[in-house]
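Novice: Sequence:
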Amino acid sequence: MMAELIDRKRLKAEMRELLSTAQVSPRGMAALYLGLAMVLGVLDYLSGGGNAVLDRNLVGIFVYVLTTLLTAVLGAGFSLYCMAVRRGERAEYLTLFDGFSFVGKLIALTIVETVFIMLWSMLFVIPGIVAAYRYRFALYNLYENPGIGVMEALDMSKRQTWGYKSQLFALDWSYFGWLMLASLPMLVMLFLLYRLIFQIVTGPVPDLPAAELVAQAIILPMWAWSLISSAFSLVVGLFFVPNRECVELGYFEIAKRTSGVGLRDGGPPRLEDDPNSGWTGGWGQM
Numbered sequence: 001m002m003a004e005l006i007d008r009k010r011l012k013a014e015m016r017e018l019l020s021t022a023q024v025s026p027r028g029m030a031a032l033y034l035g036l037a038m039v040l041g042v043l044d045y046l047s048g049g050g051n052a053v054l055d056r057n058l059v060g061i062f063v064y065v066l067t068t069l070l071t072a073v074l075g076a077g078f079s080l081y082c083m084a085v086r087r088g089e090r091a092e093y094l095t096l097f098d099g100f101s102f103v104g105k106l107i108a109l110t111i112v113e114t115v116f117i118m119l120w121s122m123l124f125v126i127p128g129i130v131a132a133y134r135y136r137f138a139l140y141n142l143y144e145n146p147g148i149g150v151m152e153a154l155d156m157s158k159r160q161t162w163g164y165k166s167q168l169f170a171l172d173w174s175y176f177g178w179l180m181l182a183s184l185p186m187l188v189m190l191f192l193l194y195r196l197i198f199q200i201v202t203g204p205v206p207d208l209p210a211a212e213l214v215a216q217a218i219i220l221p222m223w224a225w226s227l228i229s230s231a232f233s234l235v236v237g238l239f240f241v242p243n244r245e246c247v248e249l250g251y252f253e254i255a256k257r258t259s260g261v262g263l264r265d266g267g268p269p270r271l272e273d274d275p276n277s278g279w280t281g282g283w284g285q286m
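Position 253, counted from 1, in the sequence shown is what my numbering calls 253; the numbers after and before it change by one each time, with no gaps.
Everything labelled a hint here was simulated from the structure, so no lab data went into it. Hints are supplied without guarantee of correctness; some may be wrong.
[Unchecked claim] With a straight-line Cα cutoff of 30 Å, these simulated DSS-like cross-link-like pairs (lysine-lysine) come out:
hint	residue 1	residue 2
1	Lys-105	Lys-9
2	Lys-12	Lys-165
3	Lys-165	Lys-9
[To be verified] What follows is a list of derived Cβ distance ranges for each label pair:
hint	residue 1	residue 2	range
4	Gly-149	Ser-121	41 to 47 Å
5	Ala-224	Arg-10	38 to 44 Å
6	Glu-253	Ile-197	24 to 30 Å
7	Gly-88	Val-235	26 to 32 Å
8	Gly-128	Leu-193	33 to 39 Å
9	Gly-149	Val-188	44 to 50 Å
10	Leu-123	Val-235	28 to 34 Å
11	Arg-10	Leu-119	17 to 23 Å
12	Arg-10	Ile-129	35 to 41 Å
13	Val-59	Gly-88	41 to 47 Å
14	Ser-166	Leu-46	20 to 26 Å
Keep in mind it's a predicted model, so treat the numbers as computed, not measured. Where is the CB? At the ideal position from N, CA and C, for every residue including glycine.
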């Protein structure tokens with residue numbers, strides 16, 4: 001079947017109406033998800049002192065890996081909640097932790113997907129972006145069918161996203177304003193830092209230590225900016241994250257229907273029967 005043109009505005013309106021009838025509050029679930037993710041981010045920041053991963057000690061690296069994995073599990077649980085809302089089912093707050101039931105495959109799929117995207121990115125930036133959209137639905141396939149393999153989830157996504165990559169790109173851009181608003185405190189901090197750099201480059205260099213210069217420029221300590229930015233992003237996220245996730249799941253459902261891949265009746269098709277399901281399809285399948 002051919003890909004269809006999705007009416008994004010209508011789908012967003014339908015998801016807003018659907019979320020208003022959810023048995024468990026979408027904003028409550030989003031607050032729990034984003035709040036826990038914020039706590040994990042703060043723990044990661046405190047363990048590493050704001051340093052890059054490679055500059056940390058073993059404890060800092062361990063905390064970074066642990067918090068990253070836990071955040072991925074929480075993201076899986078939030079997607080499972082949104083899937084239940086779309087089916088008209090009740091999903092309790094504990095659904096947020098359902099990702100632990102298939103955490104091994106979740107970690108493996110995340111790692112393999114990241115490696116594949118990085119390999120495509122080595123050719124040039126655009127192939128990496130295309131690959132990211134090519135595997136966009138891989139995690140959703142795993143959420144729906146935890147029994148499938150990692151490569152099968154990726155191959156299913158490759159076939160499902162055929163003809164939908166540009167529409168997914170447009171979907172992401174439609175939420176760009178929300179993302180900019182959520183990042184406002186961090187953008188203010190970056191503006192203050194760039195203003196300091198501009199003053200140093202164009203004027204006399206102040207006779208002050210670099211740390212003191214930065215402290216004067218950004219007004220608040222870095223940890224305070226990070227905390228304010230996280231809290232502000234959480235509040236803004238309550239107004240668009242549930243709708244954003246449900247709308248993307250709508251794209252996923254439409255892609256399954258038009259591609260015939262991953263339909264729940266009878267289970268997902270076995271991709272080894274398709275000669276074009278591997279990597280041999282090259283650029284034409286991207």
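Novice: Each hint: holds or not?
Specialist: Checked hints:
1. Lys-105 - Lys-9: Not OK: Lys-105 and Lys-9 at ~34 Å, beyond 30 Å, violated.
2. Lys-12 - Lys-165: 18 Å, holds
3. Lys-165 - Lys-9: Satisfied, since the Cα-Cα distance of roughly 17 Å is no more than 30 Å.
4. Gly-149 - Ser-121: 41 to 47 Å: Violated, since Gly-149 and Ser-121 (Cβ atoms, about 24 Å apart) do not stay within the stated range.
5. Ala-224 - Arg-10: 38 to 44 Å: 42 Å, holds
6. Glu-253 - Ile-197: 24 to 30 Å: Violated - the Cβ-Cβ distance for Glu-253 and Ile-197, about 47 Å, lies outside 24 to 30 Å.
7. Gly-88 - Val-235: 26 to 32 Å: 28 Å, holds
8. Gly-128 - Leu-193: 33 to 39 Å: 28 Å, violated
9. Gly-149 - Val-188: 44 to 50 Å: 45 Å, holds
10. Leu-123 - Val-235: 28 to 34 Å: 40 Å, violated
11. Arg-10 - Leu-119: 17 to 23 Å: 37 Å, violated
12. Arg-10 - Ile-129: 35 to 41 Å: 27 Å, violated
13. Val-59 - Gly-88: 41 to 47 Å: 46 Å, holds
14. Ser-166 - Leu-46: 20 to 26 Å: Taking Cβ atoms as reference, Ser-166 and Leu-46 lie about 41 Å apart, which means the hint is violated.
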